[in-house]
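Build the full structure now, drawing on both the sequences and the hints.
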Amino acid sequence: MNNVYSAADMTKDTITEIFGNIDKGKLQSSNIFFSKWQEVLCSIKSYVVKDCGKKLIDHSRIIDIKNNVLLIEVDHPGWIQLFETHKSYILKGLKIKIPELDIKNINYRLKKNKDTNTQRDITREEMEHYLNKGKENHLHGEQPQSGEKEYPPELQVIFDRFRNLILTNDK
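For the sequence shown, counting from 1, position 155 maps to 155 in our numbering; every step adds exactly one.
Bear in mind the hints are in silico, worked out from the structure with no lab data behind them. Computed from a prediction, not measured in an experiment: that's the story for all the values here. Backbone N, C-alpha and C define an ideal beta-carbon position, used for all residues, glycine too. Incorrect hints may appear among the rest.
Derived Cβ-Cβ restraints for the label pairs, each shown as a range [as the list claims (entries may be wrong)]: (1) R124 x N31: 15 to 21 Å; (2) L110 x N164: 44 to 50 Å; (3) T123 x E73: 26 to 32 Å; (4) I166 x S88: 47 to 53 Å.
Simulated pairs of lysine-lysine, BS3-like, Cα-Cα distance not exceeding 25 Å [to be verified]: (5) K133 x K66; (6) K50 x K66; (7) K112 x K45; (8) K133 x K104; (9) K133 x K54; (10) K55 x K112; (11) K87 x K133; (12) K87 x K50; (13) K111 x K87; (14) K36 x K97; (15) K50 x K92; (16) K133 x K95; (17) K54 x K104; (18) K45 x K97; (19) K66 x K45; (20) K36 x K133; (21) K36 x K54; (22) K133 x K97.
Written out as structure tokens, the structure reads:
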């Protein structure tokens with residue numbers, strides 16, 4: 001009745017229970033898919049971006065394959081642009097390397113940033129207030145209060161001349 005289990009036995013049982021339901025065939029086929037995916041991307045040659053395929057791998061991850069469409073998540077819109085540039089090459093490569101999947105299209109999803117929820121868009125009223133405040137400062141000859149560095153005196157004289165010319169031409 002007093003069975004004593006070691007931590008190793010409990011861990012072994014837990015791991016077996018959790019991972020026991022995983023189909024080894026599916027796991028092997030997914031590993032093969034990811035290795036073929038990396039092969040196709042690494043074979044991309046670009047004059048613009050050095051190691052283009054490697055960077056595409058680093059900044060993206062495969063989310064799902066449904067209805068012959070590959071869904072990829074990227075961390076910046078620029079990577080979507082690069083994927084689109086090389087889309088036909090990638091699709092042909094996947095068709096050659098993994099013909100049984102018959103992937104016909106690639107769709108993209110932009111990764112959500114953690115800071116996205118804390119940021120808010122500036123309202124139209126706030127923008128108009130800011131712009132009007134800036135115009136008033138310039139009309140009265142005041143310097144904007146944006147923390148800019150002061151320019152050397154000779155450069156400041158040139159800017160003042162330009163500002164006066166612009167203000168007199170507007171009237």
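Evaluation of the provided hints:
1. Taking 15 to 21 Å as the suggested C-beta distance range, the pair R124 and N31 does not conform, at roughly 52 Å.
2. The hint said 44 to 50 Å for the Cβ distance between L110 and N164, and at roughly 47 Å that hint holds.
3. Here the CB-CB span from T123 to E73 is close to 31 Å, well matched to the stated 26 to 32 Å.
4. Evaluation of the 47 to 53 Å hint for I166 and S88 yields a pass: the beta carbon distance comes to about 50 Å.
5. For the hint pairing K133 with K66, the CA-to-CA distance comes to about 53 Å; that exceeds 25 Å, so the pair is violated.
6. Annotation: proposed proximity of K50 to K66 is violated, straight-line Cα distance about 31 Å (limit 25 Å).
7. Distance check on the hinted pair: K112 and K45 sit about 29 Å apart at the alpha-carbon level, beyond 25 Å; violated.
8. For the proposed pair K133 and K104, the alpha carbon gap of about 54 Å is over 25 Å, so the pair is violated.
9. Taken as a hint, the K133 and K54 pair is broken in the structure, with Cα atoms around 48 Å apart against an allowance of 25 Å.
10. Between the alpha carbons of K55 and K112 the distance comes to roughly 19 Å, so the proposed pair stays at or under 25 Å and holds.
11. Pair hint K87 plus K133 does not hold up; C-alpha atoms about 47 Å apart against a cutoff of 25 Å.
12. Of the supplied pair hints, the one linking K87 and K50 holds, its CA atoms being roughly 18 Å apart against a limit of 25 Å.
13. Of the pairs offered as hints, the one joining K111 and K87 holds, with about 19 Å between alpha carbons and a cut-off of 25 Å not exceeded.
14. Distance check on the hinted pair: K36 and K97 sit about 6 Å apart at the alpha-carbon level, within 25 Å; holds.
15. Using a Cα cut-off of 25 Å, the hinted pair K50 and K92 holds, with the two alpha carbons roughly 22 Å apart.
16. Proposed proximity of K133 and K95 is contradicted: the alpha carbons are some 59 Å apart, above 25 Å.
17. Restraint check for K54 and K104: satisfied, since their Cα atoms lie roughly 22 Å apart, inside the 25 Å limit.
18. The straight-line distance between the Cα atoms of K45 and K97 is roughly 18 Å, inside the 25 Å bound, and the hint therefore holds.
19. At roughly 28 Å between alpha-carbon atoms, K66 and K45 are farther apart than 25 Å, so this suggested pair is violated.
20. With a C-alpha separation of about 58 Å, the suggested pair K36 and K133 falls outside the 25 Å cut-off, and the hint is violated.
21. A threshold of 25 Å between alpha carbons decides the hint, and for K36 with K54 the separation of about 13 Å falls inside it, so the pair holds.
22. Between K133 and K97, the direct Cα distance comes to roughly 61 Å. Violation of the 25 Å bound is thereby established for this hinted pair.
Of the numbered hints listed earlier, those contradicted by the structure are 1, 5, 6, 7, 8, 9, 11, 16, 19, 20, 22.
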